[in-house]
Amino acid sequence: MSAALEVTNLTTEIQLSRSVVHAVGNVDIKIDAHQTVGLVGESGSGKSMFGLSVLGLLPNGGHIVDGSIKVDDRELVGLPDSQMRNIRGNTVAMIFQDSQSSLNPTKTIGEQVAEPVRLHRGASKKEATDRALEVLELVGLPQPKERLGNYPHQLSGGLRQRVMIAIALSCDPRVLIADEPTTALDVTIQAQILALLDDLRDRLGMATLLVTHDMGVVAGRTSRINVMYAGRIVETAPTDQLFRSMRHPYTQGLLGAIPRLESDPGRALVTIPGIPPDLTNLPPGCRFAARCAFATEKCVEQEPPLSGNDRDPHRFACWHPVDGPVKRLQEISAARSASVTKRSNGDPEHLLEIKDVFREYPVTAGVVLQRKVASVKAVSGVTLHVDAGETLGLVGESGCGKTTLGKLIVGIEKPDSGEITLGGQEVFKLRGRTLRKARRDLQMMFQDPYASLDPRMRVQSSLREPLVIQGIGSRKEQDERVRKLLGSVGLPVNALERYPHEFSGGQRQRIALARALVLEPKVIVADEPVSALDVSIRSQVLNLMKRLQIEHNMASVVISHDLAVVKYLSDRIGVMYLGRLVELGSGDDIYRRAAHPYTDALIKTIPVPDPEAERNKEDVGIRGELPSPIYPPSGCRFRTRCPRAQQKCADEVPELRLFGPGHQAACHFPLQTPMDGRAAGS
Amino acid sequence: MTDPLRPVIEGMAGPDGGPGVQIPIQETPDGGDVYVVSSGWRLALREFMDNRLAVVGLAVLVFFVVFCFLGPVVYHTNQSLFNPLTTDLPPGSGHPLGTDEHGFDELGRIMAGGQTALVIGFFASFIATVIGTLWGAIAGLAGGIVDGILMRIVDILLSIPYLLIVLVLATKYSATVFDESMIIGLFAWLVPARLVRGEVLTLRERDFVNAARVMGSSRTRLVLRHLIPNALSVVIVNVTFQIADAILILAYLGFLGFGLQYPAASWGDMLGNAQQYVSSGYWWLVYPVGACLVAVVLACNLVGDALRDALDVRLRRR
Amino acid sequence: MSFGPSRILLDAEASARAPEVDFGDISTVSPDLLLWRRFRSSRAAKISAAAIIVLLVIAILAPLVVDIIGVTGPNVRNASTLNSFGLPTGPSFAHPFGVDDMGRDVLARVIYGARIALLVGICGTLIATVAGAAIGLVAGVYGGWIETVLMGAVDLFLAFPMVLLGLGIGDACRVSGCGGGVIEPGTGTVIFIVVLCSFPYVARSVRRRVVSLRDEEFVFAARSLGASTSRILYRELLPNLMAPLIVYAVVLIPTNILLEAALSFLGVGISSPTADWGQMISGAGNDILSGNAAWWYLVFPGLALLLTVLAFNLVGDVLLVALRSPTTSDP
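Protein chains in written order, with my numbering: chain A, 1 to 682; chain B, 1 to 318; chain C, 1 to 331.
Hints were generated in silico from the structure; no laboratory data involved.
Where is the CB? At the ideal position from N, CA and C, for every residue including glycine.
One or more hints might be untrue.
Partial list, computed: chain B residues near chain C (C-beta under 10 Å) [what the hints assert, rightly or not]:
no., residue
1, M49
2, N51
3, M151
4, L256
5, A295
6, L298
7, C300
8, L302
9, D305
10, R308
To give a feel for the contact side, a few chain B residues facing chain C, derived at Cβ under 7 Å [stated by the list, open to error]:
no., residue
11, D50
12, T77
13, L89
14, L248
15, A251
16, V294
17, V297
Ranges of calculated distance between the beta carbons of each label pair, as one might list FRET restraints [claimed, not checked]:
no., chain 1, residue 1, chain 2, residue 2, range
18, C, L56, B, R52, 41 to 49 Å
19, A, K476, C, A153, 58 to 66 Å
20, A, N86, B, R221, 57 to 65 Å
21, A, D562, C, L156, 42 to 50 Å
22, C, I60, B, R204, 43 to 51 Å
23, A, R121, C, L126, 20 to 28 Å
24, A, N553, B, R204, 31 to 39 Å
25, C, M242, B, R52, 26 to 34 Å
26, B, R221, A, S531, 25 to 33 Å
27, B, M49, A, P283, 25 to 33 Å
28, B, F63, A, D66, 55 to 63 Å
Using the sequences plus the hints, can you model the full thing?
Here is the structure:
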């Protein structure tokens with residue numbers, strides 16, 4: 001039986017004005033009907049280019065240099081565009097990452113889902129709309145008939161993604177290419193969409209290529225995985241075999257670099273030093289050699305071919321392959337403990353205290369004179385504290401308020417009510433010079449490494465700026481401090497003269513981290529410090545942050561949607577949902593003894609890079625979409641999606657209760673038994 | 001310095017089962033080497049150069065600058081002594097473009113007129129840009145009522161029939177180069193004000209501005225060190241269009257009689273009596289000047305367009 | 001700033017999208033309708049829009065209005081209104097805006113002048129918008145040398161001192177029209193000149209927008225579904241251009257009204273005895289210079305011009321801001 005999609009020796013190049021990008025090199029991939037194959041790689045690995053090559057939609061200057069692409073034995077390479085158009089959306093379909101920008105904002109959902117059938121099957125408007133309804137039901141869109149007239153911006157991310165899948169499937173394609181289909185979605189929605197894709201594949205029998213950087217996503221959903229690096233396939237194997245006994249050092253490093261919930265935070269993550277090679281200027285030998293701990297002279301000179309032949313299930317391209325996952329990881333000396341001073345009356349005095357903080361954003365109508373018509377309840381009564389030397393993690397999905405809380409802590413926003421004190425003093429009630437001086441102690445590392453550095457300033461100026469503003473030290477002393485900091489974040493001295501755009505994402509994040517440290521603050525807030533980075537770079541930055549935490553012994557607040565990252569970095573974790581704190585406790589408390597159903601759901605739906613665990617995942621019963629923060633549900637805000645919700649949850653707001661030392665949760669029907677009925681203190 | 005966090009990886013086997021041979025790789029810093037990427041400006045420059053029209057435009061501009069300012073050094077003509085014998089001569093020996101009604105060589109007058117036009121153009125644009133940028137930046141950063149007031153002023157000023165003001169002024173004052181620049185500049189600042197305000201409104205939300213605030217930066221510093229430099233690209237594009245507009249307005253001003261005192265003149269003034277000249281058959285007093293004016297304005301437009309496209313690319317392709 | 005449409009049109013478009021906030025279900029409204037709603041919720045815009053509508057009604061029903069108010073017609077010369085020196089009289093009960101030097105009622109002339117202003121302004125803008133949009137679309141979609149040629153031509157148009165050229169055209173077409181009779185002398189000529197002056201701006205704007213749209217991901221997604229270039233043009237790009245195009249047109253109208261006034265001020269096109277604001281201002285200006293302090297027939301047309309332009313500007317301003325706002329986050 002011939003494969004639905006058979007790609008042999010595909011090589012794609014992109015001709016730029018002055019150089020050639022070798023995007024894809026000698027790639028073989030075969031997918032049968034009813035099969036999902038994973039294509040894993042980081043940015044620049046060529047995985048997206050591969051998908052575009054199959055569709056014949058390469059960017060300007062791109063062309064397929066060599067190889068063949070066969071769909072049901074029909075050769076696609078060399079077809080004129082007019083014929084390729086018949087294939088796109090018809091025989092081969094693609095789903096993109098960002099559903100918001102992939103849908104036309106001025107056309108209704110109904111029109112867009114009906115479009116492919118009208119285009120390829122010549123259906124009339126009525127027939128096409130009927131088919132659209134059919135497909136929308138197939139993808140599980142609630143109330144499809146009403147949705148036909150909606151516009152994309154009216155749907156949430158998860159629903160839009162379903163619409164995109166519907167569009168892709170409307171002509172019954174043989175091959176489906178899903179390019180990062182769930183990366184932009186929240187964790188709980190991600191699970192739904194992945195399950196949907198599985199279900200559709202079983203029912204409709206498409207050959208699916210799942211392209212992603214997330215090993216957890218492919219672990220449970222694919223029968224075979226291909227790992228791509230710098231345009232080449234470096235390893236390909238059946239899923240179980242890849243995870244259990246990988247041979248290529250890159251795959252090994254990749255899997256070791258991912259923090260997992262069950263990882264021991266006392267052990268370092270595997271790091272892959274350096275960054276991927278420049279695709280316009282490839283080294284002669286193995287493309288991974290520069291970053292490989294096992295590289296020899298042979299590796300640098302000769303490029304290793306894929307081992308074995310077509311019939312071997314497990315192939316890899318390496319002269320010195322490894323044997324399975326990293327066995328033992330280095331321990332980090334946990335020579336730090338939270339230092340808590342006690343007040344005279346015995347109550348502990350915390351370094352940073354957040355008391356019952358509220359923040360709402362008005363939603364305005366009117367363009368010139370704006371009137372408030374509703375408000376976004378970003379943070380609704382959160383009470384937390386952080387002690388010197390400890391790290392507090394804040395985790396939650398979009399709209400939970402964690403980013404807003406971060407901004408409130410460093411004073412970019414002001415709370416509508418409640419207090420935020422540092423060392424007993426409400427910092428942001430100060431003014432003028434005293435405020436400026438107090439700001440030294442609260443610094444932030446922002447989420448987007450591209451946006452948080454002034455593109456017009458050289459690194460040296462950016463790093464010196466805090467010192468200049470605060471008037472600390474002479475020019476020489478400032479330069480000295482900057483240079484030392486740069487070294488401690490692992491960047492070369494010549495970085496000082498450069499502009500931000502000359503760095504990679506991971507390097508920019510190091511600069512941002514250095515800048516946050518320049519003033520030696522007492523508290524640092526890190527907002528999604530690694531989310532925008534590639535996996536292999538993430539572990540570099542995470543290890544760096546861990547080391548700096550120990551060296552500087554400062555308090556930090558780590559904000560992320562990724563529970564594993566938060567757990568790895570933090571001593572205590574706060575889980576937020578729609579502006580409220582639903583659970584607070586140590587990493588162990590959260591992971592092993594979760595009391596709140598939402599926490600439990602988060603833990604259970606996060607894709608884990610372990611095929612067996614993925615397959616044995618139970619359905620935690622979380623339904624539906626995230627409610628709007630403008631009109632949050634009454635009582636417990638999680639009740640609309642909670643499998644344990646009852647009438648009481650709608651009537652009463654649950655209070656935080658103690659479940660163990662330092663472990664609190666706010667739920668009327670928790671998963672653990674509370675210690676006693678006492679209301680929560682801080 | 002050994003990194004305490006570097007994991008020691010044990011139990012790795014070589015392909016034949018024995019311990020893998022390791023040769024230490026080059027000591028790269030943990031974060032990786034920093035490669036020189038073409039800087040944002042260089043990339044924009046390349047984009048610009050790839051645009052054929054833009055290169056033509058730039059060449060034309062350079063040509064005219066050289067022509068007008070260095071030309072008279074090479075080509076001396078009498079521009080001050082009235083010579084009744086040589087008035088209104090068509091192009092011919094000794095006068096490649098003929099003479100005007102006072103006997104002055106037309107080619108020489110075009111050069112002189114070009115100097116004035118270009119100087120006024122640049123000067124006016126400079127005034128307009130400085131005022132407009134500051135106005136817009138302050139409005140954009142302040143927001144709220146201040147922004148509303150500042151922008152309403154701009155709106156109202158934009159509604160005024162410019163013509164009327166000029167007319168009134170034309171009857172009362174005669175102009176110097178300075179006067180003309182001021183007139184143009186004082187109304188031209190409205191556009192950059194709007195532009196810069198728009199840019200600042202966008203930039204204000206960017207994280208690097210937040211970062212500066214968190215460091216304790218004052219508002220002044222924010223505006224001068226962060227907002228305006230980042231709004232520069234927009235401003236630069238606008239400047240080229242301002243220059244083009246200014247030179248065009250000179251033509252109108254000259255036509256209306258609000259021009260320089262003869263014999264000083266800009267290209268606009270020289271076109272002031274265009275209709276008469278044409279009907280009298282003195283084409284050489286009209287078409288060459290007109291062509292120069294159009295050429296320079298066109299060149300500015302082409303360059304401005306290309307700059308705008310190029311800078312868009314720089315922003316997009318990071 | 002020039003006598004042609006100002007560059008604000010082009011550059012006001014440049015804005016980044018505000019950060020998107022994903023709120024789940026929101027009410028059923030298309031982006032165009034959202035624009036309309038936002039417009040409606042601004043008081044300044046509503047007042048201005050109302051004023052424009054009133055003006056339109058007055059202009060269309062000019063004869064009726066003049067009758068109702070009870071003043072004499074715009075072309076009726078009434079020597080009896082002149083005073084003993086032969087000079088016109090100012091505002092009085094019979095003539096609320098006074099009379100001009102030929103005894104014609106200024107109020108009536110202002111009302112009839114509105115007709116010309118709006119006719120030229122709106123018609124001229126409409127034609128310029130359609131023509132400019134077509135050029136910009138073709139240039140943006142097909143790119144390559146087509147784009148270079150078209151945009152070069154557009155830039156060339158912009159480089160000419162259009163108003164001066166307009167004078168030439170005006171003269172040439174004054175007697176017997178141009179373009180084989182398509183362009184009639186008088187109003188037709190003025191509209192023609194106005195179109196020539198404004199279509200380049202529209203073309204440039206549209207092209208820029210198309211260029212940025214053609215790189216948008218939903219265009220790419222459409223291509224991945226197998227759509228051809230022309231299909232993409234009609235079904236993906238055009239709907240996305242509608243709202244901005246309408247907004248441009250509205251913003252363009254006041255500048256064209258001013259342009260028309262300037263043209264007649266300079267003696268092109270609309271000739272006496274037809275009432276026209278620009279002409280009235282011009283005539284009044286001359287008289288004032290010659291010592292006649294008859295302010296009323298300078299001020300009233302001037303005010304009418306100013307207010308009309310202001311109203312359109314305000315509406316356009318509000319629309320521009322509404323256009324920039326994110327399409328989400330409307331409860």
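message = Please list, smallest to largest, the hint numbers that this structure does not respect.
response = Violated: hints 1, 11, 12, 13, 21, 23, 28.
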